[in-house]
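Add chain B with the ligands to chain A, keeping to what the hints say.
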Amino acid sequence: MSKADAAAAILWVGATFYALFGGADFGGGFWDLVAGWDERGQRPREAIQRSLTPVWEANHVWLIFVLVVLWTAFPAAFSAIFTTLYVPIALAALGIVLRGAGFAFRKSIVGLRERRAMGATFAISSVLTPFFMGAVVGAIAAGKVPAAGNGDAFSSWIGPLPLLTGAMFVASGAYLAAVFLVGDARRGDHELERYFERRALGAALVAGAFAVAGIFALHSEARYVFDRLTDQGLPLVVLSLLCGVALLAALLRGRRRPLRPLAAGAVVAVIWGWGVAQFPYLLPTSLRIDQAAAPDPTMTIVFIVFAAAAVVVLPSLALLYTLAQKDLLESEH
Amino acid sequence: MSSMSNLLAAREQMAFTLGFHIVLSCLGVALPATILIANYIGLKKDDGAAMELARRWSKAMAVTFAVGAVTGTVLSFEFGLLWPQFEHRFGSVFGIAFAIEGIFFFLEAIFLAVYIYGWKRLRPWAHFWSGVPMVITGIGGAFSVVAANAWMNQPQGFTLDAAGRVTDVAPLKVLFNPATGYEVPHMILAAYMVVGFLVASIYAVGMLKGRRDRLHRLGLVIPLTLACTATPIQLFVGDTAAREVADHQPAKFAAMECIQKTGPDQTEYLGGICTKDGVKAAIGIPGLDSFLVGFSKNTKVTGLNSIPDDEEPPVHTFLHLAFDAMVGIGTALLALGAWFAFAWWKRRDIPQTPWFLRAVSVSGAAAILALWCGWIVTEVGRQPWIVQGYMRTSEAVTEAEGIWFSFALVLLLYAGLGTGAVLVLRAMSRRWREGGAEDVQSPYAPQTEEVA
Ligand code: HDD
Ligand code: HEM
Ligand code: HEM
Chain A
19 MSKADAAAAI
29 LWVGATFYAL
39 FGGADFGGGF
49 WDLVAGWDER
59 GQRPREAIQR
69 SLTPVWEANH
79 VWLIFVLVVL
89 WTAFPAAFSA
99 IFTTLYVPIA
109 LAALGIVLRG
119 AGFAFRKSIV
129 GLRERRAMGA
139 TFAISSVLTP
149 FFMGAVVGAI
159 AAGKVPAAGN
169 GDAFSSWIGP
179 LPLLTGAMFV
189 ASGAYLAAVF
199 LVGDARRGDH
209 ELERYFERRA
219 LGAALVAGAF
229 AVAGIFALHS
239 EARYVFDRLT
249 DQGLPLVVLS
259 LLCGVALLAA
269 LLRGRRRPLR
279 PLAAGAVVAV
289 IWGWGVAQFP
299 YLLPTSLRID
309 QAAAPDPTMT
319 IVFIVFAAAA
329 VVVLPSLALL
339 YTLAQKDLLE
349 SEH
Chain B
296 MSSMSNLLAA
306 REQMAFTLGF
316 HIVLSCLGVA
326 LPATILIANY
336 IGLKKDDGAA
346 MELARRWSKA
356 MAVTFAVGAV
366 TGTVLSFEFG
376 LLWPQFEHRF
386 GSVFGIAFAI
396 EGIFFFLEAI
406 FLAVYIYGWK
416 RLRPWAHFWS
426 GVPMVITGIG
436 GAFSVVAANA
446 WMNQPQGFTL
456 DAAGRVTDVA
466 PLKVLFNPAT
476 GYEVPHMILA
486 AYMVVGFLVA
496 SIYAVGMLKG
506 RRDRLHRLGL
516 VIPLTLACTA
526 TPIQLFVGDT
536 AAREVADHQP
546 AKFAAMECIQ
556 KTGPDQTEYL
566 GGICTKDGVK
576 AAIGIPGLDS
586 FLVGFSKNTK
596 VTGLNSIPDD
606 EEPPVHTFLH
616 LAFDAMVGIG
626 TALLALGAWF
636 AFAWWKRRDI
646 PQTPWFLRAV
656 SVSGAAAILA
666 LWCGWIVTEV
676 GRQPWIVQGY
686 MRTSEAVTEA
696 EGIWFSFALV
706 LLLYAGLGTG
716 AVLVLRAMSR
726 RWREGGAEDV
736 QSPYAPQTEE
746 VA
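These protein sequence lines map, in sequence, to chains A and B. Just so you know, we're using the numbering used here here: the first sequence kicks off at 19 and counts up by one. Just so you know, we're using the numbering used here here: the second sequence kicks off at 296 and counts up by one.
Bound-form chain A, shown alone:
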C-alpha cells in the first residue's frame, strides 16, 4: 500500500466514525423532531437529550478530523469538492451552526416559546445537515466533481443519486439512533424501549428501501462505482445486507444484545463498500488518490497524528462513553 492509499484509508476510518457517532447524533435530532407535541414527546425527548448531552461535542470532532485530513493529505480533491459543491456544503455548515446552538441554548432559555423555537431549530437542522452531507457524498460518487474544480453549482448535486444519498444519510442516522436509544432505555423503561424498537424497525426498512433505490441510481448515474460495487465490493454489500436482516430478526424476536453491533456493522460495511468501489479514485473517474496526494512528509505527519489519535483519543473516548453509560455524567439540578 502506498503512503497515499494509507492516508485515504485514514480518511475513510474518520468518515466511518463520523457516520456512526455523528450519524447517530443527527438521528437523535430526527426522533426529537417527530416525537410529537409537548406531553407526548416529552419522555423520548428526555431520553434523547440524556444520551446526546455529554458526547455530541466529541462526536462532532470526527467531522473536523475528516475535513482536515482531506485538505492536508489531498488538497487537490478538497479544493475541487469545495469549488463545485459549495451550495450543499454551505447549507450543511449552516445546519451545523443552527443545530449546535439550538441544542446548547434550548435548556437554559427560560421562556417557553423561545425554548420551543430552539428545540425546533435543533431538530430541523438535525435532518437538513445530514441530508446535504449525503448529497455531497452522492455527487462525488456520481462523478459530478471535476478534478479541476468549479463544476456546476447546482446540477452537480441536484439529481437522483445525490438526493437519494442525502435521504439515505437521514434514514440511516435515524436507524442508528433508534438502535442506540433502545440500549440506553434498557435500564428499566420497557415502554420507551419498545417505542424505540418500533422506530428502529421502521427506519431500517426505510433506509433499506433508499439503499435499493440508490443501487438503481448508481447503475444509471455512476457506472464505475456500480460495476465495482457489484464486483470487488460485493462481499461488503452482502455483509451489510446480512447485518440488516439479522438486525430485523433480532428486533422481531425481542433480542437486544446484538442490536448495536449489527446496526454498526451494516453501516460500516456500506461505507467501506463505497470506498472499495471508488478505489483508486477520490473523485471517480477524474482524480486518483495518487494524483491528489500531498508530499510524503505531510503524509507521515498524518500517520503520526492518526497513531496518536489511536493511542490517546480512542481510550479517552472510551472513558467518556463508559462514564456516560454508567450514568456518572450528569449535571446536578
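The hints are simulated quantities; they were obtained by calculation from the structure and are not laboratory data. Hints may contain errors.
What the hints assert, rightly or not - FRET-style restraints, in silico, Cβ to Cβ:
#, chain 1, residue 1, chain 2, residue 2, range
1, B, Trp420, A, His208, 32 to 42 Å
2, B, Leu530, A, Pro164, 45 to 55 Å
3, A, Pro279, B, Pro609, 51 to 61 Å
In this text, a Cβ means the ideal position worked out from N, Cα and C, and glycines have one as well.
Okay, now just chain B with the ligands, sitting in the frame of chain A:
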C-alpha cells in the same frame, strides 16, 4: 477571474467570523485554568464560595464551548468555501498544524464533558484531575492554530517546482517557523488576559451594585490575579514581536508605524492620521521608533517609499491606530495591575475606591479590543499576501458568486448566535443570584423541569 468585490466580501466574512470565534476560543484556552484554580482552593481550604465559583464558571463554559465549536467548524469550512486555491496550493503545508490540532480538539471536547458533567457523581479530587487535560489541550490547540497563522506570516519548510506546486515539506520547519516563537506565546497570554479581565469585570460590576460577599470578592480576585500576572509578560512578548515584524515584514511594520521614508532616526507617532506627507495630528517622539527597533537612534527602518506599490498593505491609518490601541490598552492594563498589586502588598485587599472597581469593570472589554486590534495588525498588515511573498489573497479566493449574500447571512446568523449566548448566560446568572439551589441547567444537562 473573480471580481474584486467578491474578494472584498470573502475577506470581510473571514475577518468577521474569525473575530467572533477568537473571543470564544480565548475562553476555551484560558477558562479551564481559571476554573481549576477556584476548584483547587475550594477543595484545599474547604471553601464553599470557591467551589461555587468553579461550578458556575464550568456551566458557563458549557455554553461558550458549544458556540466556540460551531463557529470554529464554520472557519474550517470557510478555508474551502472562501479560499479554495490557498488550500489547493498550500493545504499540504498549512494543514500539518491543523492535523495536530485535531488531537487537541478531541481531548478538549472529551475532558470538558467529563469535567462539566462529572460534578455530582465523580469523587472530588478525581473530578479536579479530569479537568487538568483541558488546560493542556487549550494551550496545545492555540499553539497549532497560531503556528499555522505564523507560517502565513513567515513561510518556510517547503519547496516548489517550476509550476508552483509544493513538492517537498519539512514539517518541523513549518510548525516552528520564526513567527511561531512570538505569535504563539503572545496569543496564549492574550487569551489569559482576556479571560481574566473579562471574568473579573463581571464581578466588579456586581460589587459596584453592592454585592460584596465573599463569592464576589473571590470571583474578582482569582481571575484578576491571573490576568495581571500575564500582562507584563505580554508586553515583553509584544515588544519582541514588533522588532521581529520590523525585521521580517518591513511593509507591515512601516504601515503600522506609519513610516514614509526609509532611513535612521525615525519618529515614533502616537495616534494621528497617516498620509503620504507624514502623520497628521499625532504626538511625535523623535528618534524613538528607531530606538525601539534597534536600541539606537541610528537604526535604519524601512519606509513605505521602499515598498513596491502593489505590495503595500491597505488602510495605513487604520493599521496604525489598531496598533496604537493594542499597545495603549496593554499599558493601561499594566497600570491597573500595578495598582492592584500595590494595594494587595500594603493591605492584603483590593483598593477600596469605587474607581478601582470601575476600572476593572471595563478591563474585560478593553482586553478584547486589544485582541482584535492585534489580529487586525497581523492579518490586514500582511495584505496583499495570504502567504507572505508566495501567494496573494486575490489568487486564493473562490470564483463562486454570491459571497456578499453569504456574508449577509453569516452576519444575521451570528447576530442570533451572539444574542442567544448572552441571553442564556444572563439567565443563568440571574437564577444563581435569586435561587442558588434551583439553578439553571447547563445546556446538555438532563431536563428536569417540563417544557409544557
Ligand atoms: C490582550 C491582548 C493584547 C495586548 C495587551 C497586546 N497584544 Fe499584541 N497582539 C495580540 C494581543 C495583544 C494578538 C491579538 O494576540 C496578536 C495578533 C497575532 C498575534 O500573534 O497576537 C497581536 C499581535 C501583535 C503584533 C503583530 C505580530 C505579527 O504581525 O506577526 C505586534 C507587533 C504586537 N502584537 C505588539 C504588541 C505590543 C508592543 C504590545 C504592548 C506593549 C501588545 N502587542 C499588547
Ligand atoms: C483560522 C482559524 C481557526 C480555525 C479554522 C479554527 C477551527 C476550529 C474548530 C473546527 C473548532 C471546533 C472543534 C470542536 O468541535 O471541538 C474550534 C474550536 C476551538 N478553537 Fe478554533 N479555529 C481557528 C482559530 C482559533 C484560534 C486563533 C484559537 C486560539 C488561539 C482557536 C482555539 C480554539 C479552541 C480552544 C477551540 C475549542 C472550542 C472552545 O473552546 O470554544 N481557534 N476551532
Ligand atoms: C483568530 C484570530 C484572527 C483574527 C481576528 C483574524 C483576522 C483576520 C482579518 C481581519 C482578515 C482580513 C484581512 C483583510 O481583509 O485585509 C483575515 C484574513 C485571513 N486570515 Fe486571519 N485572523 C485570525 C487568525 C487567523 C488564523 C489563526 C489563521 C490561519 C491559521 C488565519 C487565516 C486567515 C486567512 C486564510 C485569511 C484570508 C486571507 C487574507 O485576507 O489574508 N487567520 N484574518
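Right, here's what the structure says about each hint:
The hint said 32 to 42 Å for the Cβ distance between Trp420 of chain B and His208 of chain A, and at roughly 39 Å that hint holds. The hinted window of 45 to 55 Å between Leu530 of chain B and Pro164 of chain A holds, with their beta carbons roughly 52 Å apart. One distance hint, 51 to 61 Å for the beta-carbon pair Pro279 of chain A and Pro609 of chain B, holds here, with the actual separation near 58 Å.
In summary, the structure agrees with every hint in the numbered list given earlier.
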